[in-house]
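Protein chains in written order, with the UniProt record's numbering: chain A, 1 to 269; chain B, 1 to 225.
I should point out that these hints are in silico values taken from the structure, not numbers from a laboratory.
Heads up, a few of these hints could be off.
With a straight-line cut-off of 30 Å between C-alpha atoms, the simulated DSS-like cross-links for lysine-lysine are [to be verified]: (1) B:Lys97 / A:Lys65; (2) B:Lys58 / B:Lys48; (3) A:Lys51 / A:Lys65; (4) A:Lys115 / A:Lys30; (5) A:Lys65 / A:Lys169; (6) B:Lys97 / A:Lys115.
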Amino acid sequence: MFRNQYDTDVTTWSPAGRLFQVEYAMEAVKQGSAAIGLRSATHIVLATVNKATSELSSHQKKIFKVDDHIGVAIAGLTADGRVLSRYLRNECINHSFVYESPLPISRLVVQLADKAQVCTQRSWKRPYGVGLLVAGLDETGAHLYYNCPSGNYFEFQAFAIGSRSQAAKTYLERRFDNFDKYSREELIKDGLFAIKETLQGEKLTSAICTVAIVGVGETFHIINQQTIEQVIESLDIVEDAQAADAAAESASEEPSAAQEPGAAPMELQ
Amino acid sequence: MEWGAVSSEGKKVSTVLESRSQRTLSPYDGVIMGADMGGSYGSTLRYKSVERIKPIGKQTLLGVSGEISDFQEILHYLDELIIYDHIWDDGNFLGPKELHNYLNRVMYNRRNKSNPLWNSLVYLGMVGMIGTYYEDNHVVTGFGNHLTRPIMRAEWREDLTFEEAVKILEKCLFVLLYRDRSAINKFQIYKITEEGVTISEPYALKTFWGFSAFQNPTKGAEGSW
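Please construct the entire structure, taking both the sequences and the accompanying hints into account.
Pasting the structure below:
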């Protein structure tokens, strides 16, 4: 999109009926490193790519526990994400204090969306530049929501946000029909696969991603690195076997891009 | 408003009883509550059709003793809460546990401001005017605490049927009728199960006052009354 005379503040409409500042905020989400989420009937997995600004620094925290039964993964302006996580944690804890029961996730995302909407309708504010994948459990089951800077929220079976998320989305789109029946382990595996798609050639290691899970009988927590490393190794074994088959059939495939039949086409840089 | 300065304490009622029965042998699984329908103004029994138990939302019965106007204010708070909950329209709703905690918070807060709601509330558990609360299989307020607790403790079992539970409740209400001067012989029993709430019509228990000691009360002391 190009600069134009209607994009200076968020309370100015364009003649075509667009709020450019809000759209620019959604662009900020696309610049952040990838975050994906997927759910089965009983569990939800969130995974993010850890991007560090330099080799000397550590990566930014993109997954936040909001309550025992809710967690979020963010993409975009991490600072905005942290502030919103604090808001979410506050809402959950207040509800728990007054009602002694967990805040239903469907209500939390509406409150978050309404908070984001306020920033799209005040001339002295700016929209939050962060998209949130909110994963949680309530009495009606497992849910995954996406809250965007525009103040909208949507429920998903699986979703990906951030840079190169389209590759992950394509992968998830092909497989989501079965997610409801997935076991916890299958869900984590597919989550890692989806992250791998966004890496486009870079090697998937447990250092480069963070994976968290919440489910029935399991409070929200980030899965430790060793466990992830083991899952990744099991994926590699599967992959190398398939790569060997593929290489036998056609000589031009790179091993790291070969996956199960119907995989995303190899990226041509 | 300092409660030291309040002249009349408005309408007060004394006891509400509740007992919970659980299903094992019989199909009954729910809670029953009973209360008399009297509202006193000081020592005058002014109102005789006060409904002291109210259904809240889909899942809860709330019974009260103490200041009736404070009860009405509590109902007002709860109304707002239930409506707000309903408006979400998302399949989640506030159950007795949530209401219990909410009321507990409200009572404790008022007490902290030295402006208590002068009530004892009963449903799943009990919440008192200073914000104390507990949960039990049978819960009681006012004089019932002293007179009927022993009866309930002796007779309550896990697998009561509705009829048996009502019998125990009636026994307790009986004792209170005889011994609590602010009770009247007009009761309602409320029952809540999965299907919902049923409220009985007001009815009276058969009392017996024909003791020989009552025949000529001044026999031993002529001239007194």
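We went through each hint and held it up to the structure:
Restraint check for Lys97 of chain B and Lys65 of chain A: the C-alpha separation of about 25 Å stays at or below 30 Å, so the hint holds. With a C-alpha separation of about 28 Å, the suggested pairing of Lys58 of chain B with Lys48 of chain B holds against the 30 Å cut-off. Pair hint Lys51 of chain A plus Lys65 of chain A holds up; C-alpha atoms about 19 Å apart against a cutoff of 30 Å. Distance hint between Lys115 of chain A and Lys30 of chain A is fulfilled; the C-alpha atoms sit about 21 Å from each other, no more than 30 Å.
Of the supplied pair hints, the one linking Lys65 of chain A and Lys169 of chain A holds, its CA atoms being roughly 24 Å apart against a limit of 30 Å. Of the pairs offered as hints, the one joining Lys97 of chain B and Lys115 of chain A holds, with about 29 Å between alpha carbons and a cut-off of 30 Å not exceeded.
In this structure, every one of the numbered hints holds.
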